[in-house]
Each structure stands twice: as C-alpha cells, then as structure tokens.
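Number of protein chains: 4
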Amino acid sequence: MSNIVGLCGSLRKGSFNRKLLNEAVRLYGRCDYAEILLDLPLYNGDRETEQGRPKEVEDLAAAIKSADAVIVTSPEYNKGISGVLKNALDWISRVPGNVWKDKPVTILSATGGRTGGETAQYMLRHCLTPFGVRVLTSPVVCIASASEQFDQNDHLLSDRYISSVEKLMHNLAQEIELKQLHPAKE
Amino acid sequence: MSNIVGLCGSLRKGSFNRKLLNEAVRLYGRCDYAEILLDLPLYNGDRETEQGRPKEVEDLAAAIKSADAVIVTSPEYNKGISGVLKNALDWISRVPGNVWKDKPVTILSATGGRTGGETAQYMLRHCLTPFGVRVLTSPVVCIASASEQFDQNDHLLSDRYISSVEKLMHNLAQEIELKQLHPAKE
Amino acid sequence: MSNIVGLCGSLRKGSFNRKLLNEAVRLYGRCDYAEILLDLPLYNGDRETEQGRPKEVEDLAAAIKSADAVIVTSPEYNKGISGVLKNALDWISRVPGNVWKDKPVTILSATGGRTGGETAQYMLRHCLTPFGVRVLTSPVVCIASASEQFDQNDHLLSDRYISSVEKLMHNLAQEIELKQLHPAKE
Amino acid sequence: MSNIVGLCGSLRKGSFNRKLLNEAVRLYGRCDYAEILLDLPLYNGDRETEQGRPKEVEDLAAAIKSADAVIVTSPEYNKGISGVLKNALDWISRVPGNVWKDKPVTILSATGGRTGGETAQYMLRHCLTPFGVRVLTSPVVCIASASEQFDQNDHLLSDRYISSVEKLMHNLAQEIELKQLHPAKE
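Protein chains in written order, with this note's numbering: chain S, 5 to 190; chain G, 5 to 190; chain P, 5 to 190; chain F, 5 to 190.
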C-alpha cells in the first residue's frame with residue numbers, strides 16, 4: 005500500500021488547498037496518508053547554527069524520505085507560492101542527503117479567482133527543480149472559483165475537475181509502481 | 005533628505021545580503037535609513053481573522069508606506085527567494101491600500117556561488133509585480149563568490165561591484181526625485 | 005503628440021492580440037501610431053556576421069528608438085510568449101546602444117482561455133528586464149475568452165476590460181509626460 | 005540501440021551549444037543520433053490555415069515522436085531561451101497528438117558568461133511543461149565561460165563538466181530503459 009505525504013501551502017484550517025489535498029488523497033484510493041503541517045519557524049541560519057534544526061523540520065524531512073510520493077497543494081499569494089511553502093522547502097534543503105531526490109511529487113492548486121493558481125504552480129515547479137524530484141506534469145489541476153467548487157462534505161462538485169484529479173492520481177500511482185520496480189541506481 | 009527602508013531576505017546577522025544592503029545605503033549617501041527585520045510570524049489566515057495582523061506587520065507596512073524608496077536584498081535559496089522574504093510580501097499584501105504602489109524599489113543579491121543570485125532576482129521581480137512598485141532594473145547587481153567580496157569593515161572590495169551599486173543608487177536617487185516632483189495622480 | 009509603436013506577438017492578421025493592440029491605441033487617444041510587424045528572419049549569428057542585420061530589424065529598432073512609448077501585446081503559446089516575439093527581442097538586442105533603455109513600455113494579452121495569458125505576461129516581463137525598459141505594471145490587462153470580447157468593429161465589449169485598458173493607457177500617458185519633462189541623465 | 009534526437013536553440017554553425025550537444029551525444033555512448041536544425045519559418049496561424057504546416061515541421065515532429073529521447077541545448081539570449089527554440093516549440097504544439105508526451109528530455113546550456121545559462125534553463129523547463137515531457141533535472145549542466153571550455157576537436161576540457169554531462173547521460177539512458185520496460189498505459 006502506497007505511503008503518501010501531503011503538504012499544503014496554506015496554514016488556514018478551512019483552506020481550499022487543504023480540501024483539494026484531501027480530495028486528491030480520497031481519489032487516489034487506498035493508501036497510507038499523513039499531512040505534515042508546514043507551521044515551521046522561519047529559516048534562520050544563526051538559529052540553525054546555535055540550536056540545530058527544529059524537531060518539526062526533522063520530522064517533515066523523515067516523513068518525506070520514507071514516503072512513496074508527495075502531494076503538494078498551493079494557494080496563490082500575489083501570483084506566487086506562499087512564503088509558508090517556500091520556507092518549508094528552504095528548511096528541507098538543509099537536511100543532509102536531499103531527502104526527496106527522485107521522489108514522485110505532484111502539484112495541484114486552487115484559488116478564488118479565474119486562473120486556479122496557474123502562475124503559482126509554475127513558480128512551484130521552478131522551486132522544486134533543485135531537489136531533483138520527479139514532478140508529474142499532466143494533467144494540470146488548477147481549481148478556479150474555488151469557493152464554489154466544494155460541497156458540504158468538502159468534495160469536489162465538478163465532474164471535469166474530479167476527472168482531472170483522478171487522472172493525475174492514476175499517473176502518480178503508476179509512477180510509484182515504476183519507482184518500486186526500478187529504484188534509481190547510484 | 006531621502007527616507008529609505010531596507011529589507012533583507014536573510015535573518016542571519018552576518019548575512020552577505022545584509023552587508024550588501026548596508027553597502028548600498030552607504031553608497032547611496034546621505035539619507036534617513038532603517039532596516040526592518042523580516043522576522044514575522046508565518047502568514048496564517050485563521051490567525052489574521054482571530055487576532056488581526058501582528059504589530060510587526062503593521063510597523064513594516066507603515067515604514068514602507070512612509071519611505072521614499074525601498075531597497076531589497078535577497079539570498080538565493082534553492083534558486084529562489086527565501087521563504088522569509090516571500091512571507092513578508094504575503095503579509096504586506098494583506099494591509100489595506102497597497103502601501104508601496106508606485107514606490108521606487110531596487111533589488112540586489114549576493115550568493116556564495118558563481119551566479120550571484122540572478123535566478124532568485126528574477127523570481128523577486130515576479131513577486132513584486134502584483135504590488136505595482138517601480139522596480140529599478142539597471143544596472144543588475146548580482147554579487148558572486150560573496151565570501152570573498154567584503155573587507156573587514158564589510159565594505160565591498162571590487163571596484164566593478166562598487167561602481168555598479170553606485171550607479172544603481174544614483175538611479176534610485178533620480179527616481180525618488182522624479183517621484184517627489186510629480187507624485188502619481190489618481 | 006505622443007509617438008507610439010505597437011508590437012504584436014502574433015503574425016495572424018485577425019489575431020485577438022492585434023485587435024487588443026488597436027483598442028489600446030484607440031483608448032489612448034490622439035497619438036502618432038505605427039505597428040511594426042514582427043515578421044523577421046530567425047536570428048542567426050552566422051547570417052548576422054555575413055550579411056549584417058536585415059533592414060527590417062534596423063527599421064524596427066529605429067522605430068522603437070524614436071518612439072515615446074511601446075505597446076506590446078502577446079498571445080500565449082504553450083504558457084509562454086510566442087517565438088515570434090522572442091525572436092524580435094533577440095534581434096533588437098543586437099542593435100548597438102540598447103534602443104529602448106528607459107523607454108515606457110506596456111504589456112497586454114488576450115487568449116481564448118480563462119487566464120487571459122497571465123503566465124505569458126510574466127514571461128514577457130522577464131524577457132524585457134535585460135533591456136532596462138520601464139514596464140508599466142498596473143492595471144494588469146489579461147483578456148480571457150477573447151473570442152467573445154470583441155464586437156464587429158473589433159472594439160472591446162466589456163466595460164470592465166475597457167476601463168482597465170483606459171486606466172493603463174492613462175498611466176502610460178503620464179509616464180511619457182514624466183519622461184519628457186525629465187529625460188534620464190547619464 | 006537508443007534513438008536520440010538533438011535540438012539546438014542556436015542556428016550558428018559553430019555555436020557552443022551545438023558543440024555541447026555533440027559532446028552530450030558522444031558521452032552518451034552508442035546511439036542512433038540525428039540533430040534536427042530548427043531553421044523553421046516563424047509560426048503564423050494564417051500561413052498554417054492556408055498552406056498547412058511546413059514539411060520541416062512535420063519532419064521535426066516525426067523525428068521527435070519516433071525518438072527514445074530528446075536532448076535540447078539552449079543559448080541564453082537576454083536571460084531567456086532563443087526565439088528560434090521557442091518558435092520550434094510553438095510549431096511542435098500544432099502537430100496533433102502531442103508528439104513528445106512522456107518522452108525523456110534533457111536540457112543543457114552553455115554561455116560565454118559566468119552563469120552558464122541557468123536562467124534560460126529555467127525558462128526552458130517552464131516552456132516544456134505544457135508538453136508533459138519527462139525533463140531530467142539532475143545534474144544541472146550549465147557551461148560557463150564557454151569560449152574556454154572546448155578543445156580543438158570541440159571536446160569539453162574540464163573534468164568537472166565532462167563528469168556532469170556523463171552523469172546526466174547515464175540518467176537519460178536509465179530513463180529510456182525504464183520507459184521501454186514500462187510504456188505509459190492510457
């Protein structure tokens with residue numbers, strides 16, 4: 005059974021991107037899942053030198069390392085990813101050994117506006133590049149007008165969006181399987 | 005006398021980007037200057053709803069609003085700007101009235117590597133775009149091999165870099181003057 | 005009377021972005037205007053060495069140089085600007101003296117889809133940065149569902165879009181005036 | 005034996021990026037290789053409607069489709085990819101069926117300056133995203149000071165660069181093998 009970690013760029017409990025993350029996991033199907041909240045201290049090199057990395061960072065890195073795949077959802081703040089999410093990436097990069105090299109990672113986004121966070125998604129792809137993760141690129145899932153897209157159970161309403169998320173999760177499952185059959189050789 | 009605010013994307017006291025910020029101010033010449041430390045809480049919509057914006061955010065926004073110009077220096081973390089800096093931009097965007105619309109803003113960066121943070125600088129330009137600030141674009145100042153570029157007094161050693169920073173600061177001074185002669189009409 | 009040059013990233017005669025360019029000029033009001041078609045040879049360093057720059061490139065550069073401002077409209081091809089437009093920028097950069105340094109430039113885009121070319125616009129801002137032009141950044145004009153936005157006379161139908169374009173053109177006029185009052189000193 | 009197609013963003017015969025492309029192929033080892041020159045007409049929707057796609061475009065698309073992998077090298081023109089390369093991507097996107105969906109693609113760049121084209125490489129990743137290709141992300145190969153990096157036989161001189169290219173080609177070979185063992189299911 006796949007072991008999946010979820011990261012959400014918003015700290016707001018009722019965030020559309022948290023709902024979207026949960027929907028992605030539900031539509032993935034049976035898996036072992038945990039969201040790791042990105043409520044970390046701001047990265048500060050002095051703090052790192054004096055006190056080491058915070059336990060939350062080590063836990064986050066360990067969870068990513070042992071996961072089969074990571075699903076990241078991202079709000080769009082001022083046409084970019086959130087500082088919350090970038091700060092988490094900054095910390096992860098400080099943990100020795102690049103914990104998610106070659107890891108299958110998929111990205112989804114939801115926004116109140118008409119673009120569904122497309123521009124932020126491109127920034128997120130950019131920001132993930134130095135980690136050498138395997139970002140799944142299709143289909144693109146950008147949920148627009150997010151306030152109208154979830155029902156009372158926080159399930160997606162639109163067949164089109166559901167179908168896109170399902171397809172993306174199907175591709176993620178394939179990628180995980182491939183990775184398990186043929187782990188990267190050094 | 006110009007009133008200038010400095011923002012540094014690194015929280016580390018001895019950061020090259022803090023040194024660079026200080027050098028930019030020194031080479032600007034006589035001005036009223038304050039750096040505002042970006043040591044803010046992570047942006048969290050629930051927190052904002054329940055407790056309002058933190059005092060540090062209001063202070064930061066007020067300082068920017070009353071400044072004639074803002075100088076931003078940015079490290080490059082994983083080929084992007086720091087989460088620290090993006091988080092500050094996220095908070096600033098929450099303060100009503102867009103406090104730095106049309107404000108002259110200039111960007112510089114320093115990194116240990118060979119590119120001087122060029123890629124992060126492009127991301128920073130992108131991230132500043134929604135604010136409608138006036139980003140000064142030339143000359144580009146990307147300090148490479150930063151560990152070898154500052155003397156014991158934290159002054160830049162290279163004539164070429166000094167000359168670039170001086171030119172950029174000269175352009176900033178011109179832009180401030182222009183803005184004062186002709187404030188934007190609504 | 006302002007002297008304005010228009011560039012369109014699409015070569016298609018009936019392109020939405022050509023219509024948008026014409027609308028921008030109409031809503032600018034009285035001005036001396038010419039569109040320069042970007043139907044240039046592909047940039048080729050060998051050709052440049054052997055035959056020099058083509059006459060069309062010299063004409064384009066001269067038109068930009070003598071203009072008070074440049075309006076660029078861009079389609080979005082595969083989430084970026086067109087090769088047509090990038091190729092024109094490549095050629096312009098080969099003409100000595102940076103013909104549009106400090107020139108006021110404004111960007112608009114139109115696409116058939118829901119985002120109006122926002123992602124391509126960010127790429128265009130990036131691509132204009134090395135030229136040190138003064139890109140006007142607000143308001144952002146991204147015309148979505150472009151096939152429904154123009155009437156039989158190729159005028160914009162939506163009051164909201166018309167108002168955005170008018171505001172942008174108003175800001176452009178202000179920028180031109182400012183530039184004329186205070187030409188950049190070297 | 006792998007069937008590899010090479011694309012170079014420069015049309016100049018002696019381009020550093022063409023040398024780099026050839027070196028990548030040499031260091032890949034035994035393979036069936038062809039470079040397709042990107043000397044295409046500028047994309048023009050009217051021309052496409054009236055005359056259809058040019059034969060060179062169809063040939064390019066067919067070569068990509070039947071290849072096991074594509075190697076792209078890109079110069080950096082004004083901090084972006086060349087118009088030549090973007091124009092080729094624009095044409096490829098017009099050929100029905102997305103000819104390089106899921107295709108292993110790798111990127112390298114060389115420039116005369118100190119960054120080796122890093123910023124252009126990020127733009128190229130962005131531009132390849134809509135095609136859903138599998139871009140190999142590590143190691144990053146950005147050849148700086150390119151005029152000093154090739155010997156009389158156009159071979160790379162630096163052991164460090166050779167080793168990076170070899171590693172990247174090794175990873176590409178692995179990816180091709182993986183793809184052949186497990187072709188994507190629809």
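If you're looking for bench data, these hints aren't it; they were derived computationally from the structure.
Mixed in with the good hints, there may be bad ones.
Just so you know, same-sequence chains aren't split out, so a pair can sit in one copy or run between any two.
Unchecked claim - The list that follows gives simulated cross-link-like pairs (lysine-lysine, DSSO-like), each with its CA atoms no further than 30 Å apart:
hint, residue 1, residue 2
1, Lys69, Lys171
2, Lys183, Lys17
3, Lys171, Lys59
4, Lys171, Lys105
5, Lys69, Lys59
6, Lys171, Lys17
7, Lys69, Lys183
8, Lys59, Lys105
9, Lys105, Lys69
Note that this is a predicted model, so its numbers are computed, not measured.
Query raised in the report: Quick check: which numbered hints come out false for this structure?
Result: Of the numbered hints, 2 and 3 do not hold.
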